[in-house]
Each structure stands twice: as structure tokens, then as C-alpha cells.
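Novice: What follows is each chain in one-letter form.
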Amino acid sequence: MDPIKTERESLRDLKAILAETKAYNIKFLVMGGWAVTAYVRRHRYTKDIDLVTSKALEGPIQGILKRLGYDVSNRTFGLAAEKQKGSIDLKVHISIGRILDESRTGKALAYPIPEEAYEQAPLLRITSYHPECRPYEFQVPILPLEDLFIAKVLPLGRENDVLDVASLVINRGEASTCS
Amino acid sequence: MLLIASKVQRSKLTTDFRERVESLAAQYATPDFNQSWASATGRRLAKVQVVSLLSLLRNLSRQLS
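If you read the protein sequences in the order shown, they are chains A and B. The numbering used here puts the first residue of the first sequence at 1, with every later residue one more than the last. The numbering used here puts the first residue of the second sequence at 1, with every later residue one more than the last.
Extracted from the complex, chain A is given alone in its bound form:
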């Protein structure tokens, strides 16, 4: 896998998904690793796209992902999509209405994202790890800090989440919601 090409493609795809879904009046919030890069600039390499939306409009979203070259499948949490193109390997996860943590065997935990989160979401610039990808950075609506923190704490056994929680606390711990 080529991390620079992959990071660039991920930024391009995220921008395309958000632009194309506007026509359907679907509101998305960026969560996951890209959201962490908005609160903690360039703290680690990330590539996969994690979104949450309040509307279950799978049809139009699936069409957009397929046009971008993804194989799409329905999952318990919403939609999962995967694209492998040469040295690029990307995944998109779209949660609907809630963040579902299935890391505990036999005990899924659901964290609902209230409608107000879409209204309160800050518009922040997501930041790339590789300098070559900086021209592709842009502003997106991000899951509010405390919801992102909660979503990152819940999963078990994911090393990147452990690092992300620490980054959020160390870098944003003095922000009003975390202190």
C-alpha cells in the first residue's frame, strides 16, 4: 500500500461523498480518525472514512459510493464500503443514527447521536499526516468533541483508538468540554 496515494484518495473521496450527498439533503458528520485530525492536527496517519448520518437513505449513498469505485454492503451499523485500486486500499463506514460498538462478543453498545449534534457540529479543517496531501485538506462538519471522545473510548482492543483518546485528552483536555 502507498500511504501518500491512499491518504490523498481518501481526502478526495470524502470530499466527493459530502458534495454529492448534498443534493439529497443528507447531513453527515465526520468521525473516526479524520475527525481526530481536525481536533489534533496531524497527529497520526489515517485513511479510512467514518461518517454518521441521521437519515437512512442507503439507496443514494450506495450509488455514490459505487460510482467512486467502492463495493458496498449493508451492515448492522449502516453501510460498509471497500475499494482496492492498485496500491490503494480504502474503507468507508457510514453509521446511521448511532455509533454501534461491536467489539465486545455478544454485547454491542449503541451510542445514539442526537439531532442537535448535527446542528452544533463544528466546521473544521481535517489535516493530513503527509505534507504531500496538504493541498487536498478541506473543512467538514465534525462530530462534536465530547461525542467523538465517547465514540473513541467505547471500542475494545483497537490500538488506534487508544492512541486517539490519549491525543484528544492531551491536546484538547483544557477545552471547555473536556476539562
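A few of these clues could be false.
Once the Cα atoms are required to be at most 25 angstroms apart in a straight line, the calculated BS3-like pairs of lysine-lysine come out as [unchecked claim]:
#	chain 1	residue 1	chain 2	residue 2
1	A	Lys55	B	Lys47
2	A	Lys5	A	Lys83
3	B	Lys12	A	Lys107
Hints are computed from structural coordinates only; laboratory data are not their basis.
Since chain A is already given, all that's left is putting chain B on it; use the hints.
Specialist: Quick look at chain B alone, frame taken from chain A:
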């Protein structure tokens, strides 16, 4: 911190969430964590940062008790 605690309580995940916060704090207190951090970010955490991280998580855990 209060806002996080309040959102967690509203979601009815309080017990699971508090256990995870405590488990993360225990993990952050080990030297292995600083090695993972250095490997992912190219930097090492200063002792004061680790202390601050643990303190915030322990406060959050108390808020949820």
C-alpha cells in the same frame, strides 16, 4: 468533563464507559503505552503529559461513579 459525563449518562452507557475509562487509564500508566505512542506519532510523551492524561481520565471516572 461534565458534558461528557452527562452525555454518557443520557446514553445509558455509564457502567461500560466507566470501566473502559479505567481500563485505558491503567494501560496509559504502563511504559508500553509510551512506546506505542512513539511508534505511531514519532514523538515520546513527557511525564507531565502522562500525569495530566491519567488525572483527566480518573476525574472522568469519578464523575461517572
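Novice: Looking back at the hints listed earlier, which ones does the structure fail to meet?
Specialist: 1
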